[in-house]
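K.L.:
Working from the sequences, and respecting the hints, build out all of it.
One letter stands for each residue in the lines below.
Protein chains: 4
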Amino acid sequence: MAEPQSKIRLVLCGVGRIGQIHFIDMLTMLDVEIVAIVDAVPGAAKKLADQIGTKSFASLQELFDDGSVTVDGVLICTPTHTHTELVKLCLSRGIPVFCEKPVAVTIEEVDECYALAREKGVPLLCGYQRRFDSSFVRLKNAIDAGQIGEIRIVKTTSRDHPLPSFAFLRTSGGIFHDSASHDIDVHRWLMGCEPVEVFATGHAFYKEIAEMNDYDSVVILLKWPNGAISTIDLCRNATYGYDQRIEVLGEKGMVQAENKPQTTVVISNEAGIHHDVISHSFTDRYPDAYKSEIQHFIQLVRDRTNWEAKLRVKHADVRNTSIIASAAEESARTGKPVKLTF
Amino acid sequence: MAEPQSKIRLVLCGVGRIGQIHFIDMLTMLDVEIVAIVDAVPGAAKKLADQIGTKSFASLQELFDDGSVTVDGVLICTPTHTHTELVKLCLSRGIPVFCEKPVAVTIEEVDECYALAREKGVPLLCGYQRRFDSSFVRLKNAIDAGQIGEIRIVKTTSRDHPLPSFAFLRTSGGIFHDSASHDIDVHRWLMGCEPVEVFATGHAFYKEIAEMNDYDSVVILLKWPNGAISTIDLCRNATYGYDQRIEVLGEKGMVQAENKPQTTVVISNEAGIHHDVISHSFTDRYPDAYKSEIQHFIQLVRDRTNWEAKLRVKHADVRNTSIIASAAEESARTGKPVKLTF
Amino acid sequence: MAEPQSKIRLVLCGVGRIGQIHFIDMLTMLDVEIVAIVDAVPGAAKKLADQIGTKSFASLQELFDDGSVTVDGVLICTPTHTHTELVKLCLSRGIPVFCEKPVAVTIEEVDECYALAREKGVPLLCGYQRRFDSSFVRLKNAIDAGQIGEIRIVKTTSRDHPLPSFAFLRTSGGIFHDSASHDIDVHRWLMGCEPVEVFATGHAFYKEIAEMNDYDSVVILLKWPNGAISTIDLCRNATYGYDQRIEVLGEKGMVQAENKPQTTVVISNEAGIHHDVISHSFTDRYPDAYKSEIQHFIQLVRDRTNWEAKLRVKHADVRNTSIIASAAEESARTGKPVKLTF
Amino acid sequence: MAEPQSKIRLVLCGVGRIGQIHFIDMLTMLDVEIVAIVDAVPGAAKKLADQIGTKSFASLQELFDDGSVTVDGVLICTPTHTHTELVKLCLSRGIPVFCEKPVAVTIEEVDECYALAREKGVPLLCGYQRRFDSSFVRLKNAIDAGQIGEIRIVKTTSRDHPLPSFAFLRTSGGIFHDSASHDIDVHRWLMGCEPVEVFATGHAFYKEIAEMNDYDSVVILLKWPNGAISTIDLCRNATYGYDQRIEVLGEKGMVQAENKPQTTVVISNEAGIHHDVISHSFTDRYPDAYKSEIQHFIQLVRDRTNWEAKLRVKHADVRNTSIIASAAEESARTGKPVKLTF
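For the record, the sequence lines run as chains A, B, C and D.
This note's numbering numbers the first residue of the first sequence as 1 and each following residue consecutively.
This note's numbering numbers the first residue of the second sequence as 1 and each following residue consecutively.
This note's numbering numbers the first residue of the third sequence as 1 and each following residue consecutively.
This note's numbering numbers the first residue of the fourth sequence as 1 and each following residue consecutively.
Read the hints as simulated data drawn from the structure, not as lab findings.
Keep in mind that this is a model prediction, so the values were computed, not measured.
Do not take every clue at face value.
All copies of an identical chain are treated as equivalent in the list; a pair is satisfied when it fits inside any one copy or across any two copies.
[Said to hold, decoys possible] Think about it this way: if two alpha-carbon atoms lie no more than 30 Å apart in a straight line, the pair counts; the simulated BS3-like pairs of lysine-lysine are:
{"#": "1", "residue 1": "339", "residue 2": "101"}
{"#": "2", "residue 1": "291", "residue 2": "7"}
{"#": "3", "residue 1": "291", "residue 2": "46"}
{"#": "4", "residue 1": "55", "residue 2": "7"}
{"#": "5", "residue 1": "252", "residue 2": "207"}
{"#": "6", "residue 1": "7", "residue 2": "47"}
{"#": "7", "residue 1": "291", "residue 2": "314"}
{"#": "8", "residue 1": "46", "residue 2": "101"}
P.N.:
Rendered as structure tokens:
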């Protein structure tokens, strides 16, 4: 066990599903002190806060107005439409921010947030957690080490399980920004450059989703400057579990990240060979990634020097992923390929 | 061992790589007699014929002119540009034909061949061997049995190994007709209907292939009447072996056909867990399929009744697959999606 | 997130490798308060205690003498030879104990500890963690649900990685009590009864281990009342990782628990198909089990009613496993099978 | 396709299940002519012979008396008790013999057969087909190439599917000579030396097998001169298929040969991930091995020079495997380990 360091004082803002994951993870980080918990739902923040003997507030503004808490960083895990305002509130006080994806709904707001972070010299980290998944990082490292040579074809599969509630889907921003953006970011990360064109098509097999004018099944095709081609396939409901795979073909070989069964048990009988189902949901699939991204945030809080260079999810990543997601949606709606400019 | 039947007398026409596979397979079929071997290359047919004590000819025309051989069926395994003439030569004599893919280069010739077969009441079977592969048949049966429900996304991967010779590629007809047609046929077979639109894109990473105005890496996207979406990815050179996979997502689950390692050996050491490479080439990958399609042909020869209904590869399969391959190539060359009509 | 409960006040006694695992795990349990940390090594307990603002002591006796701490339960993670004394110290005060395996070195002392627990009505849980591993529990449940019918052959593989230090091995108690006992307990757990005979053989490939008069590679064979046969194979040094597998053959099928690769990454190239190495050590392999056994302990602390019936590791398990391990060692040393009586 | 060679004229003696496998395999060998088929069952030989236009006889003696057939080699695939006489009949005429396992029932007869072969300078090959299986050969080569270093633990699993008929089992010679001998030979082959001691135990779960005084489930343990330990586990009825696995642990790593599913199809749904069953029987599992051993025999027939050195299954292999099988049976019946001498 390493030498103890001075504790980083963090505020958790938003205690929904993802906020609770970060809460538990931070409890295991001996160099972190959760100094306050914030949530607009009455009692939600207090309930958690009481269990670890910390303070709770109904809003970040209330916390700042209170003035009694010294804050080294804030984790924003609230609904998407509140992100921009909360990000700015923290940054303007010089407080580093970890913000769940997306930082903002519009490109203009994204740019404003990062401009403010740059102006204030304060780290802003957006939570594209797949970049922190140990299997995906291992895959990325294999590519960067030249193990498969120049990339030719990249394929990702992202299929939800279980089917999200229609109530959630109505406010999700649509499958392109809610789901596909994760994949688009992964493709950009693996390629290390921006695509030149996107073509997409989709369908709503659920009438409820059709009525939202959204899609539940989508395929996206991206073209890259070197001639490489990407495909992304998405589905809102894979009965067999949360299906999250990457496959990259290069001139020298192929690297894949496969799904992970929940156990290693295999049953063989007259009907065949049976393995257990794969991870059930994003909380099962990405526990290490959620922890790792917070650890990255803590490093940025500890040392702001050259923070923009150190960021593992940068302004351009958030910005351009959003532009590509919008172009993919445009392609699906018009039936035509869309050239990309950034 | 089943009761012996009267022997079917077959002629093998063309003794290149695929012809030799059929030759060896027929030796194990106790109800088949290879009554003659035909090849234009001097000595090639004779060399094989001598080993089993049968006759050899330089051409099918010569064999028919000779008149000494009674023929129940002919296997045509010659270069593509000779197919149509040889198919017609046999059909016009009332002799059933198994013809390697494609039956003809143009849609008009395809239609002529099948019109003649229908007119004469003589079976014509085209060798789309993937429909006979035991794993693919198993996958198709799972779909037809409703195990995955309505199909939503179909993906096939077809990557050559080793890189075919540039000499071959120059005469291959291009990656869309030579390679992608196999995948297009598989998608049509699995869906049980025709696609409504195709979008494709490709690149030549090898300058020799670029100079042929062909592609070595291609992705094709197909849209289906029910909203399902297909992707096909092709590459002329997968270093790790002949990569042939199918994945079908349905409303109730997913079915995949994976690659087959050459052995079942696994070596575990400090560097990881190592399995042997997968099948090296189509001859390694599809031995059962090549045998099974000839057995299907023999059944058609034995009983011509309702042969068109019994055909596992029909006129429409050959015709429409070719139309879609041409449309995919048009899409790749124009950069635009192409609506399909048949 | 469940309703908060009153907190259970636990003392961690011993902060070596396994003690630190329990420490971190308890931090994530919102219903647990670590009220003190104990370790004889000067500063070791204090270093951890300071990070969470709790008390530290040099010994359990000192803690009890101090009188300032209310204790609901104690975790004993100290060296084996200290276990019995510490277990009795707690039990005699009416404090429930979780004790790392083994509870004592001799059968007599094991019996004394449990007799005291029974007399005082205080839970004593011994840490055979494999019974809490999610894959092994899943396998056990499949057997108990009758999925493989009557058991015929049981095989476990337990191979260390990396090679433990010779210094540790000199004090380990020998491979039969240190390592094989885990497997023996698993076989007893799966069979649900006691074996009737044991035969074992072993060899020391490392001269350092031969000089200790110990073995580094061992095979044990157990016979069961119904005629079933078990094998256990152990090795102190598997280069490829910590190899922990179970295989059970029954009349209706087979169930296995396989190893888990560290990532899901697969690299395919000319040399074959490569997966990442498996778990490196017991800390990588059994994180869920270590957490789960403490949660079981907390349940016993919360409700002592019928604690002996609820125990997932009982007196007989600890006692008989030790008897069998001794008999296995006797067999290896004499070269003869040994009948078992309990 | 290689240059044609002069044909080797072989006689197939015995057309049961294994004889028919060799029959079909030889049809694909262009350098082999099946000059006669022999079987004592009236009509059995004739039925096959007629299909390829060759001669048939009721016995080898009849064939030799007939004098009309020139014979380069004989394949003996008759019931075990007839082997010795037929082997000697051929060898005494200077005709090479391939004989299915075992060459004889007693060690004395085995020695007599090989003495005669040596005296006459005529190859005698015994059909331990596992030495010719491509996966097992690959595993053996990995060991011989030093990839896992010195061997420490060897494990094989051999489980029949389906349960052989009780009628067959009554004449099988018992599980040790019928089944275990294959595994014993594999262990000797992999180790490259003879074991020093054997311990075995077994049980009959089927009362019919108990009544034969045989076992249906057996575990054998072998000790080797270098300290390595082997286990063999056998079962007459594995519901999930014909289970044939090898695992070898060495100082540098582990090499395994796993089972092969019948297809590569995987179905994923709410219940888990399902692969097809493994090979159903020895005919499914070892097709390449059966072919390869006959090709080895043909090489020996073509060139007898130093045939004993070239033999891939030697006199000592047949002899010592039989001695070990007998000792294993003795151990199971007496409950004591048995020292081995050869």
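K.L.:
Can you name, in rising order, the numbers of the hints this structure does not satisfy?
P.N.:
none
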